[in-house]
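Hey, can you work out the whole structure from these sequences and the hints?
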Amino acid sequence: MHLIIETDGQIRCLYEEAIDLSQIGQLTISRGSFVEPILNGTWWADLTPVQGPRLGPFTRRSDALAAEVAWLELHWL
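Residue 1 is where the sequence shown starts when you use full-length UniProt numbering, and the numbers rise one by one after that.
Some hints could be false.
Stated by the list, open to error - Quick list of simulated restraints, FRET-style, between CB atoms:
1) S62 - G25: 29 to 35 Å
2) R61 - D8: 33 to 39 Å
3) G9 - P57: 35 to 41 Å
4) N40 - M1: 33 to 39 Å
5) Q51 - L3: 18 to 24 Å
6) I5 - P57: 34 to 40 Å
7) G41 - R12: 30 to 36 Å
8) G9 - E73: 19 to 25 Å
9) E73 - L27: 31 to 37 Å
10) R12 - I38: 25 to 31 Å
Since the hints were made in silico from the structure, they are not lab data. Even glycine gets a Cβ: it sits at the ideal position worked out from N, Cα and C.
This is the structure:
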């Protein structure tokens, strides 16, 4: 898990349950993306909540999730 600590003390990360983040302080959790299927059975990773692109299509949900995490780690964190 990567924790990015800003100069104002704010911390950003991709949420995981690896550690109890509430021990750090008050949490504000917001969605960074949506991974959803479309009618033809393919999957898209929509990163517009963090001003990112829409990635896909992917034939497997796991591929869309991996692309989502890779983009967030590279561009948002």
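Beta-carbon spacing of N40 to M1 - inside the hinted bounds 33 to 39 Å or not: Given range 33 to 39 Å: holds, Cβ gap about 34 Å.
Assessment of proposed distance window 35 to 41 Å (beta carbons of G9, P57): holds, 40 Å
Assessment of proposed distance window 29 to 35 Å (beta carbons of S62, G25): With Cβ atoms ~33 Å apart, the hint holds.
Hint check for I38 and R12 - Cβ pair distance inside 25 to 31 Å: Roughly 29 Å apart at Cβ, these two residues keep to the hinted range, so it holds.
Status of the given 33 to 39 Å range, CB of D8 versus CB of R61: Between R61 and D8, where Cβ atoms are some 36 Å apart, the hint holds.
CB-CB spacing for R12 and G41 relative to the 30 to 36 Å hint: Holds - the Cβ-Cβ distance for G41 and R12, about 33 Å, lies within 30 to 36 Å.
Outcome of range test on Cβ distance (Q51, L3; 18 to 24 Å): Given range 18 to 24 Å: holds, Cβ gap about 21 Å.
Supplied distance hint 31 to 37 Å, evaluated on CB atoms of E73 and L27: violated, 20 Å
Range hint 34 to 40 Å (beta carbons of I5 and P57) holds or violated: holds, 36 Å
Consistency of beta-carbon spacing, E73 to G9, with hint 19 to 25 Å: The hinted range 19 to 25 Å holds for G9 and E73, with Cβ atoms some 22 Å apart.
Of the numbered hints given earlier, the model fails hint 9 alone.
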